[in-house]
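Participant: Chain residues, written in single-letter form:
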Amino acid sequence: MAGKVTIIVHSGDMDKVYSAFIVANGALAMGMEASLFFTFWGLQRLKKGELGKGPLSKMNMLGLGKWMVKRRMKKAGAASLERLLQDFHELGGKILACDMTMQIMGIKKEDLRDDLISDYCAVGTYIDEAKDSTITLFI
Amino acid sequence: MAEIKVDCTGETCPVPLVETRKALRKAKEGDIVEVIGTHPASKKEIPMAVKALGLELIDVQEEGGMWKIKIRK
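Read top to bottom, the protein sequences are chains A and B.
Residues 33 to 171 in the working numbering are what the first sequence spells out, letter by letter.
Residues 71 to 143 in the working numbering are what the second sequence spells out, letter by letter.
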């Protein structure tokens, strides 16, 4: 099975970033290519030390809900976001960073985990990736 | 030909699938990769990945909630 998955990671919410990485890693594991295009709130998660810092998309309750969900995830043996990111990288996944978001939000390359980012780009690159993809998602 | 063992006991989605893929990438042609684990969906999904990758599924066994999958690269 060839094919490719391209995902726009617009949300920076912890649970949604999890979904993006789980889908992408599943695709890579099954022999597909995978590209993640981080934009807006999603791009915040690529700042150094910020990967798991997003709130829960629902019932965050000032972090109490997130704390409870994280505890339950740990009990269930769920992998950390950092591990999912490292696996994604090891299996050849591509991370793209939206340069307009960087401009708007005043994010510099040195603020981001530059070693993991394949390209700083815009919508043209997303379309170029997505047009050859069999699966594309907006998270 | 080497036999590579991957232990995913207690791990959940997507780790068993990803660890299987990592081991298969490192394996040489003809090597056997044996994965053990407890995550129920992975018992069905690892064989799906093996098929998608065009590799040979040698054996799938389960005993007491623990499964063992053998793959030839």
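Hints listed in this document are in silico derivations from the structure and should not be mistaken for laboratory results.
Worth double-checking, as some hints may not be accurate.
Result set (BS3-like, lysine-lysine): computed pairs, CA atoms no more than 30 Å apart in a straight line [stated by the list, open to error]:
(1) A:K85 / B:K92
(2) A:K107 / A:K80
(3) A:K80 / B:K113
(4) B:K140 / A:K48
(5) B:K98 / A:K85
(6) A:K163 / A:K107
(7) B:K121 / A:K102
(8) A:K48 / B:K98
(9) B:K92 / A:K36
(10) A:K126 / B:K113
(11) B:K114 / A:K79
(12) A:K126 / B:K121
(13) A:K102 / B:K98
(14) A:K106 / B:K75
(15) A:K163 / B:K121
(16) A:K141 / B:K113
(17) A:K79 / B:K75
(18) B:K98 / A:K107
(19) B:K140 / A:K106
(20) A:K36 / B:K138
(21) A:K163 / B:K75
(22) B:K121 / A:K48
(23) B:K75 / A:K126
(24) A:K102 / B:K140
(25) B:K96 / B:K140
(26) B:K96 / B:K114
(27) A:K141 / A:K107
(28) B:K98 / A:K106
(29) B:K140 / A:K85
(30) A:K79 / B:K138
(31) B:K121 / B:K92
(32) B:K121 / A:K90
The calculated label-pair distances, taken between Cβ atoms and stated as ranges, are [unchecked claim]:
(33) B:P117 / A:D143: 41 to 47 Å
(34) B:E104 / A:G35: 40 to 46 Å
(35) A:M100 / B:K121: 36 to 42 Å
(36) A:G35 / B:D101: 21 to 27 Å
(37) B:K114 / A:E82: 32 to 38 Å
(38) A:I136 / B:I74: 29 to 35 Å
(39) A:K80 / B:A72: 45 to 51 Å
(40) B:G135 / A:E142: 23 to 29 Å
From the three backbone atoms N, C-alpha and C, an ideal C-beta is built for every residue, glycine too.
Participant: For the pair supplied as a hint, K102 of chain A and K98 of chain B, is the alpha-carbon distance within the 30 Å limit?
Facilitator: Cα-Cα ~38 Å, so violated.
Participant: Would the pair K163 of chain A and K75 of chain B pass a check requiring their Cα atoms to be no farther apart than 30 Å?
Facilitator: violated, 38 Å
Participant: Take a quick look at whether K140 of chain B and K85 of chain A sit within 30 Å of each other, Cα to Cα.
Facilitator: violated, 38 Å
Participant: Does the structure keep K114 of chain B and K79 of chain A at a Cα separation of 30 Å or less?
Facilitator: violated, 36 Å
Participant: Has the given pair, K121 of chain B with K48 of chain A, been kept, meaning a C-alpha gap of at most 30 Å?
Facilitator: Given pair K121 of chain B, K48 of chain A holds - Cα atoms ~29 Å apart, limit 30 Å.
Participant: Between the alpha carbons of K98 of chain B and K106 of chain A, is the straight-line distance 30 Å or under?
Facilitator: The given pair, whose Cα atoms are some 34 Å apart, is violated under the 30 Å limit.
Participant: Is K98 of chain B within 30 Å of K107 of chain A, Cα to Cα?
Facilitator: Violated, at roughly 35 Å.
Participant: Run the distance test for K96 of chain B versus K114 of chain B: straight-line Cα separation, threshold 30 Å.
Facilitator: holds, 22 Å
Participant: Quickly compare the C-alpha distance for K163 of chain A and K107 of chain A to 30 Å and report which way the hint goes.
Facilitator: violated, 40 Å
Participant: For the pair supplied as a hint, K106 of chain A and K75 of chain B, is the alpha-carbon distance within the 30 Å limit?
Facilitator: At roughly 25 Å apart (the allowed maximum being 30 Å), K75 of chain B and K106 of chain A satisfy the hint.
Participant: Given a hinted range of 21 to 27 Å, is it respected by the beta-carbon distance of G35 of chain A and D101 of chain B?
Facilitator: With a Cβ separation near 25 Å, G35 of chain A and D101 of chain B satisfy 21 to 27 Å, so the hint holds.
Participant: Quick one, are K141 of chain A and K107 of chain A close enough, alpha carbons at most 30 Å?
Facilitator: Roughly 36 Å between the alpha carbons, so the hint for K141 of chain A and K107 of chain A is violated.
The earlier numbered hints that this structure contradicts are 3, 4, 5, 6, 7, 8, 11, 13, 16, 17, 18, 21, 24, 27, 28, 29, 30, 32, 34, 38, 39 and 40.
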